[in-house]
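Build the full structure now, drawing on both the sequences and the hints.
Numbering (the working numbering), first residue to last: 149 to 236.
None of these hints come from the bench; they were simulated from the model.
Quick caveat: nothing in here was measured; it's all calculated off a predicted structure.
Mixed in with the good hints there might be a few duds.
What the hints assert, rightly or not - Beta-carbon label-pair distances, calculated as ranges:
#: 1; residue 1: His177; residue 2: Ala200; range: 11 to 21 Å
#: 2; residue 1: Arg209; residue 2: Asn160; range: 16 to 26 Å
#: 3; residue 1: Asn160; residue 2: Ser186; range: 29 to 39 Å
#: 4; residue 1: Thr182; residue 2: Asn160; range: 29 to 39 Å
#: 5; residue 1: Ala185; residue 2: Ser161; range: 14 to 24 Å
#: 6; residue 1: Arg209; residue 2: His178; range: 11 to 21 Å
#: 7; residue 1: Glu189; residue 2: Asn160; range: 30 to 40 Å
#: 8; residue 1: Ser183; residue 2: Asn160; range: 27 to 37 Å
#: 9; residue 1: Glu189; residue 2: Lys169; range: 13 to 23 Å
Even glycine gets a Cβ: it sits at the ideal position worked out from N, Cα and C.
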Amino acid sequence: MTYVASPRHSDNSSDRHANLKQCLETARHHLNETSSASETERLEILVSSAVAAGWDEEEARAVLRDAEIPKAVVPAPNQIGLVPSSSL
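Dropping the structure here:
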C-alpha cells in the first residue's frame, strides 16, 4: 500500500475534490516510480490507500477516472521527400 494523505476538508467543502486530487497525484507519482504493478493494479492500490486514509471510495475512483489521460492516436512520422506509390 502507498501513502495517501488524509482529507483536510469536510465532506461538504468545495475544496475537498482539489485536496483529494492533489493527494492522489502525489501518491500516483510515487507509485509509478516504485512499483512494477500494472496500471489496473496501481489504480486499485491508490483507491485502497485513499479509503484507508479516510476518503470515500467513490470520490477516489471519480478523481482517478477524471485524471486518466486518453491515449492519443500517435501520428505517423513525417516523411518529408517521400512520395506515396499511389501518386506515381
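Practice task
Please name the hints from earlier in the document that this structure breaks, with their numbers sorted from lowest to highest.
Solution key: Hint 5 alone not satisfied by this model.
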